[in-house]
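Q: So the chains spell out like this:
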Amino acid sequence: MVVDRSFVSEETWAKIEDLMGRYPDKRSALLQVLHVVQDEKGYLNYDAIKWIATLFRLPPAEVYSVASFYTMYNLKPVGKYLIQVCTNISCSITGADEIVRFIEKKLGIKVGETTPDGKFTLITVECLGSCGKAPAMMINKDYYEELTPEKVERILESLK
Amino acid sequence: MARITIDGIAVEVRDDATILEAARKAGIDIPYFCYHPYLKPAGLCRMCLVEVEGMPKLTPACVTQVRDGMVVRTDTPRVKKAREGIIEFQLLHHPLDCPYCDQAGECMLQDITYRYGRATSRFVDEKELFPTKFYGPFIVYEQSRCILCKRCVRFTHEYMAGTDWNVYFRAAHSLIGTYENKEIADYFTCNLVEICPVGAITSRLYRYKVRYWTLEWARGVCRECGLFCSLDYGIRENKAYRAKHNVNSPGPWICDKGYFGFECMNHPERIKFALERRENKLVNVGLEKVLNGITQALGRYKPEEVAFILPSGLSVEDAAGIRNFMDNFGIKKAEYRVGMEDYLPFGSNVDSLEEISEARNILVLSGDISNSYPVIALTICEAIGKGANVVLLTSWDYYLMKRVNNLFCIKPSCEDGAIYSLFSGKWDEFTGLSREEYERLEAFLQTKPMIVLGPRAQEAVRALIVDYAIKNGLKYIILDRSSSSYVAYTYGLFCKGIDSLLEEVKAGSVKALFVLGVDLFREVPNGKLVRDALGSVDFMVYMGLFFNGTARYADYFLPLTELVEEEAHFVNVFGKLTKSKKSLAREYEERSIREWLKLISEKMGKKLDLEVREFKPKFVLVEGNKKPKDIVLSGSGDFEALFEIPFYRNFRYMEGKSKLLEASPEPVLNVSIYDARSLGLSNGDYVSLDIGGPSFKYKIRVFDELVKGVLVADTGFEGFPVNEALNNRIAKVKIKK
Ligand code: SF4
Ligand code: SF4
Ligand code: FES
Ligand code: FES
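Which chain is which? The protein sequence lines are A and B, in order.
Using my numbering, read the first sequence as starting at 44 and increasing by one per residue.
Using my numbering, read the second sequence as starting at 138 and increasing by one per residue.
Same shape as in the complex, but just chain A:
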């Protein structure tokens, strides 16, 4: 089957070509290509999965299986800012639940939801590797540590 290049921007296509050229077995580039496409589209829907499957000559089910396994791929649309609060053990002990509740209240959404203006999505995740500075969260690709409600308030304000 032919791959329709216009599905992604030229820039993304260039990145994909580069990634796929790096490994003797093309398949090794799958995780990274999923990231690159997600960076452009914001999330990976069935169309994107199918397109990537054609690219790698894999059954779409296989690609979807991979994409759904890792929590860092979004299978549904997310807001401009994706807030990922760690609720694993260290963060829980140091007050992650309070942080989650605070954000829920502040934004008026529940975990797993997106604000009506499409700006914020809130989810909880497992250990972010910042246990030493718990509680921690990630917003898009940035880390925020040693959180308190006041600190979170300031961060959210700065993103408005």
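If you're looking for bench data, these hints aren't it; they were derived computationally from the structure.
Where hints are given, some of them may not hold.
Cut-off 30 Å, straight-line C-alpha distance, at most; resulting in silico cross-link-like pairs (DSS-like, lysine-lysine) [unchecked claim]: (1) B/K270 with A/K93; (2) B/K755 with B/K716; (3) A/K93 with B/K523.
Place chain B with the ligands on chain A using the hints.
A: Only chain B with the ligands this time, still in chain A's reference frame:
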């Protein structure tokens, strides 16, 4: 060979055996979930942990190979504790809904928990439960009961050459299913039900019908194709509820036709009384009157004016009975080749499915193997999974076209010509193969592949291939559209083909017909001829289970028995005999074909001997020097259409198999991707197909592998008489949006 001891018992096994296999041989029970004798070991569930002397940790028995002198223990406190732990984890989120789970009674989780688990649970938190999912008409998936052994996924990958079936998400949220939640009706769906060790995948036909332990099992045979798989039917109160594969089958798997097809025995519309025509209706006038009527009528005809038309799936006993009946009265004409004009020779020099799965190179020709011999197609896919190189030259094979390594797709009218040219060594541009393609095929032929020829091929092609294969020492399987071929051929129950027989009926030289269990309107490609012939037949006896288009013309209707309602033997494509036992009592007047013939014969004063003393299947060889007949296409238009009955309608007594029919609810027209683009059509659109006169409404399916200009159209639908407007399987047609 390696000698090992398990719990003090010494056992000798192959060097590459696993501990689990050795234990099975030694008669020691090691519990397992993900292990399956026909799947590659995966080591996923950890249920099979054992202690091996010299190994610090417990080791999974299903993936650990034996070593000479190995000492294994399965009865230590450590193993016991590990088993309890594994089961406790499996049950953490399990809903414990055995009281209404269909698997209860045959569930490995139940059995293993009972034997090796703790009696109580320490889990006090709320369980996470998931919604039920229905994947198409056949299977239902309960995520909460799934133990993630991946047997189902491994089956689809190892045997079905990859499908949409997979695991998504992870850990406690892992979900098994199809991509985009699509329906799955993939010919072999039933095996997912059978292979799932727990109640996560169950059959929708069996859902909430009856409890497993109330069933008694009866050994029977599936009569849908020439493999005659051996099945067990679950019976309760003289009614069948389940089918199950058993080890006497030619292979470890069966197909949906066999698994769901027993439904016709229980169907509410099944006719169980002998009927006579009064004015325009078939009515019950009592058995005596019916028999008198038939014998009187038969007395009016000369033997050469009487003919038999036979179904596929004929048993040895019925064939012998028909033969003796015909001899009793000097009747000469019978025909079993209903689905096609001529298809002798048939047969094979391959002995088993295993031989197919072990082949390194397979050349699959013509079609439609996956539709008419499903498990052979599955075995070919298994070979692909094992690394075989499979080349397919065909115009249409729904299942295999998407799965083989190399596909040469051509027009239906070119099929016979292309195969013929390949085996006679002369390329011809009219075959639809380019010279380069032809050379690639020829080179492949040099590797001495096993040849599998589908039932669509005509006589000259069959003969040439048998000839070639024998001369060059190739393995071959020549398939036949009718599964009755061995017995019918052995008893000489064929004449000059269905078309010439129907011509005789039409011309009036054959006046009385016995049509046994076939709906001619559905199966004979030349539908026009069927209509003319039946319209002018003088006298007709129809035997079957249901009223249908052909039965409409009958003067008498005699109800038949099916599956485990009679004892019978069948000969499969490998020439092997399988036996079906009689396990259901007769309810009303239904009888087997031979029993009816015996009644009629005795009424006419001649005894009919029904005993089969010896049966040696005969196999035909026809000289390979004929030329294939040219295919003359009727109709006009830019497209060449092949009309075939789809898989989920292609079986005996279609009328009574509602579950299977759900997978093929309406006629589909397969269009190549090129034509779909140029006509602006996409999946699910409706078009009408003009076949020179009437037109028929079809739903579009875009099929990537088809060649340009070719359509494949479904037939075999009630109230959709498309083949009555045709005189061949292939025709020129037009598409109207
Ligand atoms: S559905 Fe059944 S076979 Fe498939 S992974 Fe779950 S438990 Fe195993
Ligand atoms: S492969 Fe043939 S005999 Fe076996 S279950 Fe399917 S239709 Fe029946
Ligand atoms: S537990 Fe939260 S960062 Fe490790
Ligand atoms: S049976 Fe050994 S790990 Fe599942």
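Q: Each hint should be assessed against the structure and marked as holding or not.
A: Hint by hint, here is what the structure shows:
1. For a cut-off of 30 Å, the pair hint linking B/K270 to A/K93 stands: about 23 Å separates their Cα positions.
2. Between B/K755 and B/K716 the CA atoms are separated by roughly 19 Å; this keeps the pair inside 30 Å, and the hint holds.
3. At roughly 27 Å between alpha-carbon atoms, A/K93 and B/K523 fall within 30 Å of each other, so this suggested pair holds.
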